[in-house]
Amino acid sequence: MVGRSLRQIVWARLRRDRLAMVCLFVLIAYYLIGIFGPILGPSLGLDPYAFDRDSISNQGGRPVLPNGGISGEHPLGVEWGTGRDLLSQLLWGLRISLVVATTATLLTVTIGVVIGIVAGYAGGWVDLLIGRFMDLVLAFPFILIVLALSNVLTDRIIAFGVPPGTPSRIVYLILVISVFGWPYLARIVRGQVISLREREFVEAAVAMGSSRRRILFTEILPNLWAPIIVYTTLLLPAYVGFEAALSFLGVGVIPPDTTFGAMLANSVNYFVQVPIYLFIPGTILAILVVSFNLLGDALRDALDPRVTR
Amino acid sequence: MLRTDAWLRRALAIGVSFGLIVAACGGTETTPSPTAATTPGPDDTPAPTEEAKTGGTIYMLTQAEEFDDIDPQRAYTGEDLAFFGATIMRSLTSYIYTDDDAVANTLQPDLATDTGQANDEATEWSFTLRDGLTWEDGSELVCEDVKYGVSRTYANDIIVNGPTYAIQYIDIPDNPVTDEADPNSVFLKAYYGPYDGTGQELFDEAVSCDGKTITFKLNQPVADFNYTVTLGFSPVPDPAIHPDLEDTGEQYTLRPWSNGPYKIDEYTQGNGGHLTLIRNEAWDPASDPVRKAYPDKWQVDFGIDAKVMDQRIIASEGDDAFAIQYGSVQPENLSTVFADPETPNPDFATRATSDFDPFARYYWIDTNKISNVKHRQAMAVALDRDAIRANLGGDYAGALGDGVIKPNLGDQYAPTGMWTDLFGQAIPDTGDPEFAKQLIADSGEPMPALTWDYPQTAVRDQEAAIVVASLGLAGITVTANPIPPGQYYGIVFDDEAAHEFGWAGWGPDWPNASTVIPPLFTDKGGWNLSRVHDEDFVDAVQEAIAELDHDAQAEMWHELNTLAMERVYVIPTTFGLSQTFGGTKVQPLYQWAPYGSWPYAEMYVTP
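Chains as they are written, first to last, in the numbering used here: chain A, 51 to 359; chain B, 33 to 639.
Hints listed in this document are in silico derivations from the structure and should not be mistaken for laboratory results. What you are looking at is a predicted structure, and each value in this text was computed from that prediction instead of being measured. The beta-carbon is built from N, C-alpha and C at its ideal position, and this holds for glycine as well. Among the hints, erroneous ones may be present.
What the hints assert, rightly or not - Pulled from the structure, derived: some chain A residues nowhere near chain B, Cβ distances all over 10 Å: (1) Arg57; (2) Gly122; (3) Glu129; (4) Trp130; (5) Asn273; (6) Ile304; (7) Ala315.
What the hints assert, rightly or not - Selected chain A positions facing chain B (Cβ under 10 Å, derived; list incomplete): (8) Ser107; (9) Gly110; (10) Thr132; (11) Arg206; (12) Phe210; (13) Pro213; (14) Arg262; (15) Gln323; (16) Asn343.
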């Protein structure tokens, strides 16, 4: 009889969950579109920076066709005032949103796991110090600080050699989101580590004279993958929404680039006249976030069979 | 002479999608105003009798949370000057109230008995005060009060952000203290103002009172000095004569003393705050030919969201029927209020206006950073001005500009030919990337990468996209740099912080290009964002200021305007049009040409 690894067991359980598979498929599609859309788009005639003057009125800039100018040429309509194609903007914006959310998630998880393990295993004054530091970070009025520091820190980032404009803003968004996001995960990891470090296999490793590093990352870390993976799938959609919120508040990318948040912010101005401006990016964002959340739930169920619905 | 943020924040708030800049005057119009036929004037409907017009309250709704300045020597925002000029702050001369733009831009005597007497060289001007002028406590307004008011301009450590024409024109030597370590070096002239008092004898020599007649000695011929006195020359009670009416210096801007038909009753700043003006019983209508003073009360409500404001005025219910908008109609509501840029919809026929505002909008180019004129020409040629205009509202946004002097300045304007032949060939409105590439090739130098500064709003984010994309077609790399609107001018006037080019707008202070070309392209007047220091240009400007013959001077301004465009100190974008409206029970609603404002002095409520 062949034993099955945890990974195989989880995958088998996940495959039986039809909803989870749909979500997974949707997410893969989003990522593929995010990666290849802007590469293949131009050959399909999509250009987020091209102005279609004929599609908007010369009196006020309103799209000539109803529903925000939806037509064969512009399947999702055009931007008020400039006539830029909204489908192209969404494609290009999706890439930026995904880059920010994915990178920030990876960074948050890395920082959170490392600090959480250290705090939980070391205990004593190290734990105390890290614990208080986490409290401090969590106590910061996050949104205010992000808004207030955007110009200063973006200048700093540019001084480190990042090109000004959108690249430096993307780096800024990733940094601030991660820097303020890690303590949540670190706390979860710390709790897990505290219970693990008293277990027999850890004591055995200690008795055999394993190095501390080996104990931390070879003995303990593998037992943490389940909560980390679940937390990651929940963190990613939160960060997609977060990036949108920050762009909405004006610390996002620099024109002519755009993201979901920037598009939503812009659509609010014309909500009464053209409600569809709000619904298209809103729906696409909602599908992304819901897919991630459902997949995260399914993963948790698959990893922990004791929990039944 | 730079203006700092406070009033700019406010100016930007008023401008909404366009942004306003400076106290401004319109001017005689040579082109027919698009609304000349449709703007409801007082003559359109049978005017009620004088008694029927009297009484009631007019409400003003504004996004701003306070006025920048109400101090007579500090107020410098066009709409504010018009409002306070019509209510509490009289000046020696003022403009005529009518919706005929050409007439409105001519002077009438106000505190003075005529529009000023000049000597032959126009280096000495005198004005004689009327009888019966009073302050709000009933004491007489005397010549010394006008003199004292002007003297406050020189205290430029306390009296900041205001117009500085007094300092520029009145014959007082420069401050001998130039060592920056000395605190007295902040003063621009050898007279330090009435609070410090140093150099008082120099001021008394230059500005003198003889009975009711005040005489100004100038350091150069100023043919239009009687226009100058509409800005920053309003009286303030001389403490030596009016011990009860205190000049509180820096705080005076919160509670100035009135000499007009109203006085300040209450002033609370911030969101939800308001300013109320009630009748000044000491004011004698016989002494004032300018102000009709119909309503009993004015109330300015601060901190009202632009979208909410539009909806309230559209509905026009309750007190909102007596409300006027301190700003402009939001772009998305234009089609509700207007059938087209010349005609309001039937529901708004008597209460919406669309008219030239005083502002020419342009992009300044730092001529130190982009010193190669071919490069600047390439930028101008590549820009898609048609897309910029469409984004600002197309026909609602006004015409494409060809210089910094606007056609509603009358004879001051002449076409520069910038887009037809100035660069050797016609430039289409959508830009000509190929010609731009050729200009860059001709320049002999590679085009540097550029950054475009702009005060961030949703509309200008899209404008930034247009700038980046259209210059990009000519191979010019541009990065957009959004700046919070309140900080914008503070940043772009800083040589270190400003980038290669950026957004701006300018309205003349009175209908003469002497308030356009010198401030924009020389260091006089402090709006030289292009950092122009070309000696031949500065000399020519000096010559034009001193030219007493009006027609010859206008001709010189035409040439300088054309020369500035040929050298592309700025890229003109639009000659702005603006739309605004009021409630159903307040009249007359038209844009008063001198400041592009409501005609406050003749407004009344209808039953």
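Right, here's what the structure says about each hint:
Listed as outside the interface, A/Arg57 is consistent with that label: its C-beta sits roughly 46 Å from the nearest C-beta of chain B, beyond the 10 Å cut-off. The beta carbon of A/Gly122 is kept farther than 10 Å from every beta carbon of chain B, the shortest such distance being approximately 22 Å. Consistency note on A/Glu129: stated as away from chain B, yet its beta-carbon is not over 10 Å from all of that chain's, at 7 Å minimum. Residue placement check: A/Trp130 does not keep its beta carbon more than 10 Å from all beta carbons of chain B (closest about 8 Å).
In this structure A/Asn273 is separated from chain B by more than 10 Å, as the shortest Cβ-Cβ distance comes to about 48 Å. Residue-level check failed: A/Ile304 sits 5 Å from the nearest beta carbon of chain B, not beyond 10 Å. Distance check on A/Ala315: its Cβ comes as close as 7 Å (rounded) to a Cβ of chain B, failing to clear the 10 Å threshold; non-interface status is violated. The beta carbon of A/Ser107 is positioned within 10 Å of a beta carbon in chain B (closest approach about 7 Å), and the interface hint is therefore held.
Hint status for A/Gly110 relative to chain B: holds, with the closest Cβ pair at about 5 Å, below 10 Å. A least Cβ separation of about 5 Å between A/Thr132 and chain B falls short of the 10 Å threshold, and the interface hint therefore holds. For A/Arg206, the interface hint is violated, the least distance from its beta-carbon to any beta-carbon of chain B being 15 Å, above 10 Å. At a threshold of 10 Å, the smallest CB-CB gap from A/Phe210 to chain B is about 17 Å, leaving the interface hint violated.
Of the supplied interface hints, the one on A/Pro213 holds, with its beta-carbon coming within about 8 Å of a beta-carbon of chain B, less than 10 Å. Because the closest C-beta pair between A/Arg262 and chain B is about 48 Å apart, greater than 10 Å, the hint is violated. At a threshold of 10 Å, the smallest CB-CB gap from A/Gln323 to chain B is about 5 Å, leaving the interface hint in force. About 30 Å separates the beta-carbon of A/Asn343 from the nearest beta-carbon of chain B, more than 10 Å, and the hint is not met.
Figure legend: structure checked against the earlier numbered hints; hints not met, in rising order: 3, 4, 6, 7, 11, 12, 14 and 16.
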